[in-house]
Structure formats: C-alpha cells, structure tokens
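**Student:** Listed below, chain by chain, are the residues.
Protein chains: 2
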Amino acid sequence: MELIRSVSGMQHYSLCEKRKGLRIGFVPTMGCLHEGHLSLVKLARENSDLVVLSIFVNPIQFLPGEDFAKYPRPIKQDEMLCRKAGVDLVFYPEESTIYSTDHSVFVEETSLSSGLCGGSRPGHFRGVTTVVAKLFNMILPDVAVFGQKDAQQSRLIQRMVRDLNIPTRIILGPIVREADGLAMSSRNRYLSVTERSDALCLYQALESARQLVGEGELSVAPIRSAVMTRLSLAKSAQVEYVEFVDDRTLQPVSRIEAPVLLAIAVKIGTTRLIDNLVLSPA
Amino acid sequence: MELIRSVSGMQHYSLCEKRKGLRIGFVPTMGCLHEGHLSLVKLARENSDLVVLSIFVNPIQFLPGEDFAKYPRPIKQDEMLCRKAGVDLVFYPEESTIYSTDHSVFVEETSLSSGLCGGSRPGHFRGVTTVVAKLFNMILPDVAVFGQKDAQQSRLIQRMVRDLNIPTRIILGPIVREADGLAMSSRNRYLSVTERSDALCLYQALESARQLVGEGELSVAPIRSAVMTRLSLAKSAQVEYVEFVDDRTLQPVSRIEAPVLLAIAVKIGTTRLIDNLVLSPA
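As you go down the protein sequences, you meet chains A and B in turn.
With my numbering as the guide, the letters of the first sequence map in order to residues 1 to 282.
With my numbering as the guide, the letters of the second sequence map in order to residues 1 to 282.
Be aware that a few hints might be false.
[Claimed, not checked] Keeping only pairs whose Cα atoms sit at most 25 Å apart, straight-line, the calculated PhoX-like set for lysine-lysine is:
(1) K70(B) with K18(A)
(2) K70(A) with K42(A)
(3) K76(A) with K42(A)
(4) K76(B) with K42(B)
(5) K235(A) with K267(A)
(6) K20(A) with K42(A)
(7) K42(B) with K20(B)
(8) K18(B) with K70(B)
(9) K20(B) with K20(A)
(10) K42(B) with K18(B)
(11) K18(A) with K42(B)
(12) K42(B) with K20(A)
Think of the hints as simulated: they come from the structure by calculation, not from any bench.
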C-alpha cells in the first residue's frame, strides 16, 4: 500500500495510472475509519482497478464551535485498516497544503443544500463541495463512493458532478449499523455509556416510521408524531430536525407518494448524530 | 477538423486522446472569432498535441439587459477560421444541453472578482468561472489559453485552477490590436463609423499612461488625470471605470511600485469596451 502526502505527487500518480488505462476508485474520508468506510472501500474495489482512500479533516466544512480541533485523527490505526481492506493508496495530505492563505474559490450548491443539515450548519456544504471538487482534481477518480449515511451530502455531490460535468461516476453505499442498529459514525466514540444507549433512539425512531409506512400509513403527520415520540424517550436527546423530503429535490412533502427521505439530526449530550431512511409507498 | 456538439462525445474524445498520451490544448471562446482568438490558438498549438476550441455563448455570464441575445454567432465563418488556423476540434455544444433546468452548482471566486468588471457586472464572473470549470471537465485540457485582453477574467481563472487544483496549465496570450491600436473584440462590430473612431480613446489613454510611467511618473493620481483627459475627448465615450490595481491581488494602489494593472471600461455609445495595460516601475 502506498502513502502519498503531496498534492503534486497524488496528481502525478493518478495521471500515470490513468494513462495505463487503469480505473481509479476513490473513497474520500476524514479518517477515524470504521466498518462504514470499509464497506465503501469494498464498493470502490468492485468498480475500479485501483482504490485510493483520502484522509483529510477539512477545516472549511466545520463551523466555529464545532469539533474540528478535537475530531479524532488515529492515523496509524487508519493505515492498518486500509492495508487490511486492500486499499492501494492512502492520500493523507498535510493540512496546511490544501488551502492557500488567500484561498478564494468555492464550489457552492444553491438548492439542495439549503435545508436539513444545511439549515443548521450554514456554510458546511460549501466546504464539502469545495473540498470534494479539489480532491476529485487531485485524484481524478473514474468512480467515487459516498455513504448514504450522509444522505444530503451524497445528493449534493451527485448534483455537483452533474452540473459541473465532472467525469466521475458516483456510487452510494448503504448505511452500515452496529448490531443494535446505531449507524456507524466516527463521532460515536464521543458518547458516554448512557449516551450510547440513548443514541439508539435515532434508529428506533426511523424503524417506527418504516413500520407505519409498511402498514399503509402515507400521511407524514402521524409518522412524524411517532418519530418524535420515540426520540423524546431518550433523556439526553435534543432533536435538531426531523424532516420528510422528496428524495430527489430534498423539498418537504406531506405525503409518501414518491421515495421520501426521512432525515433526522439529534444531539445526544453534546454529540450531534444524524441518520436517515428512504420511505417508499408499497 | 472535427466538430463535436454533445458533451458526452467531447468527454469521450478527450479521454481517448489523453489515454494515448496526447496533450490537449484548449481555447474557450464565445465565437465570432478574430485575430485575437487565433493568436490564442497558435499558443495552444505550440504547447500541446491537439487543439480544441469551444464556441459557447454562456448565458449565465450575461446580466439582464446585456447583449446575450444579440451577441453575434457567425458559426460558418468561425468554422472556416478554425480550419485555417489548424484547430483540430471545434466543440460547439447545443446551448440547451449545457445547463439543466434545475442547475444549482456554481464556482465562485470571492476576492479578485469583486472590483473592476465584477463591480459593474455583478454575477458575471460567477458565470465565467462556472462555465470554464464545466468546459475543463468536458475537454480535460492539459493547457488552456486565455487572453490578457480580459485581464481580470484571466487572473480569476488562474486563481480557480490553483484553488481547485485543476490539472491544467494556464497560458495568457497578449492583447492583439488593430493597426491603429484598438484592441480586437467581437463587440467592435457593434460600433458605428464615428464610434469606431472614438473607440480609439481607450488605447490612446493607456498609451498616455505608459508614456508618463516611462518618463518616471510613479504616482497614480497624475496618471489617472491624463487617462481621464484623453478619454473625455471622445464624444460618445462614457467611462465606467479607470482602475490602477496590484496585478496580483487586484487591490487598488496609489503608486506604481510593483506591476500594476491599469484596467479601463468605457461605453462607446451603447457598446461596452474594455482594455488594459500592465505598468511597471523602470
């Protein structure tokens, strides 16, 4: 497994491999890898000849007061996991080399990014689309794999690729969960034992929605009530949003007529967790 | 010479040629080609194996009330000029295929774009950087050539390439002028006979600045006076801006200590013309 730290080295590697006709599969991450990331690596392997995984905690997608500084960076463990998962190259740039001090160009999505996490984290998605555009230009992937866990982010990236004609195919990997249902996340390690137990409310709330739709309920109002009720049972939980939006446009809906993304964000103590589920009429 | 109209066809062509190891040189244009464009083609040829010229009148860089609808589109003549200049491929996309009806992703430069033409044409440069990012992703050029005539635009594109890590080298071509000094522009054809004569005031104003600096004048105020005086002699001329800015940061300066971009925009009748000159201390 190769490890590259310089942007020019990365770009040179990719240009050479592509000239040989090899297809590059790319998994962008902020490190602190878990089974969720490794499932994306597997998808990348199945759809390319070489798998590049990047580890970069992107400062411009964190808001003031968020956990940028304390975001975990266990690089040695991440390297070992990558090696075991068959990653061909880890791109782990020096943080100071990614943005010039007078950086002034941003990629901004202006429609899908306004609600959900975009509403509570203004500027977050501008940071995400900008860094992903940069990473795509450094790594030149034929295929890039994103997780459904970050549902809004993945829709934004698909839109960016379409609107900027980026020659990369986007693949979405399903949410990977712990045995009890909690969606895997690097931020789960922030949780205390009690909070870990409370955090299960996200999954259980989504499941209550799935069950109602399975029973034929297509009106959002009673489903939302059931979700809120389940979330309210967790003492350390503070709901940030519970949204039912059209899975394509991310616009709010009041009935489940086409695929609907049920997306939730909940603070468990001081740890912000998100989860989601796509609901479809039978 | 090939002519490609579809985005997927263009991308496929470029990917194939690059896989063969050929370097693509790119000249983006809005058509209505003149000697200025052809000088850029020459530079592209000298720095690549295959020259692609695009012709696309980009709607999102025109403001309401500007000349988008009447912008000249003499495609047959343009094709002939390209053939004579040794262009390998003309990319001439259908206007309707470039922006989806729900297009929502833009590339925005937030520092260099605020003054000069950015001040008088708000939103113009967002349209420019967005379409150039799109064209780069369609054509995948190793080298792209822009004209110094659009000085601010060329600085923005260089910044975009740096900040988004676009794997394309930018080359700037010098301003090409008519025999009497008028900078070549597709918009010169809008001028009446009297206006054509008045339009020479831009070049002559720049020359008066060059002369003063040559004589050792390094203070901007008297140079600006000389420029304004020369412009005021043209009856149909209305000055939009006369700016002296640092050539790197595009921030206003009051003395010529490092290279300074003297940029001017003048309306001759209803036709907006721009011109510029880089002034350096001896």
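**Student:** Against each hint, give a clear statement of whether it holds in the structure.
**Tutor:** Consistency of the hints with the structure:
1. Pair hint K70(B) plus K18(A) does not hold up; C-alpha atoms about 43 Å apart against a cutoff of 25 Å.
2. A threshold of 25 Å between alpha carbons decides the hint, and for K70(A) with K42(A) the separation of about 29 Å lies outside it, so the pair is violated.
3. Of the pairs offered as hints, the one joining K76(A) and K42(A) holds, with about 20 Å between alpha carbons and a cut-off of 25 Å not exceeded.
4. Note on K76(B) and K42(B): the hinted pairing holds, with a Cα-Cα distance of about 20 Å set against a maximum of 25 Å.
5. Distance hint between K235(A) and K267(A) is fulfilled; the C-alpha atoms sit about 11 Å from each other, no more than 25 Å.
6. Of the supplied pair hints, the one linking K20(A) and K42(A) holds, its CA atoms being roughly 23 Å apart against a limit of 25 Å.
7. The straight-line distance between the Cα atoms of K42(B) and K20(B) is roughly 23 Å, inside the 25 Å bound, and the hint therefore holds.
8. Restraint check for K18(B) and K70(B): not satisfied, since their Cα atoms lie roughly 37 Å apart, outside the 25 Å limit.
9. Restraint check: the Cα-Cα separation between K20(B) and K20(A) comes to about 9 Å, which is no more than 25 Å; the hinted pair holds.
10. For the proposed pair K42(B) and K18(B), the alpha carbon gap of about 20 Å is at most 25 Å, so the pair holds.
11. For the suggested pair K18(A) and K42(B), the alpha carbons sit about 28 Å apart, so the restraint of at most 25 Å is broken.
12. For the hint pairing K42(B) with K20(A), the CA-to-CA distance comes to about 30 Å; that exceeds 25 Å, so the pair is violated.
Violation of the numbered hints given earlier is confined to hints 1, 2, 8, 11 and 12; the remaining hints are satisfied by the structure.
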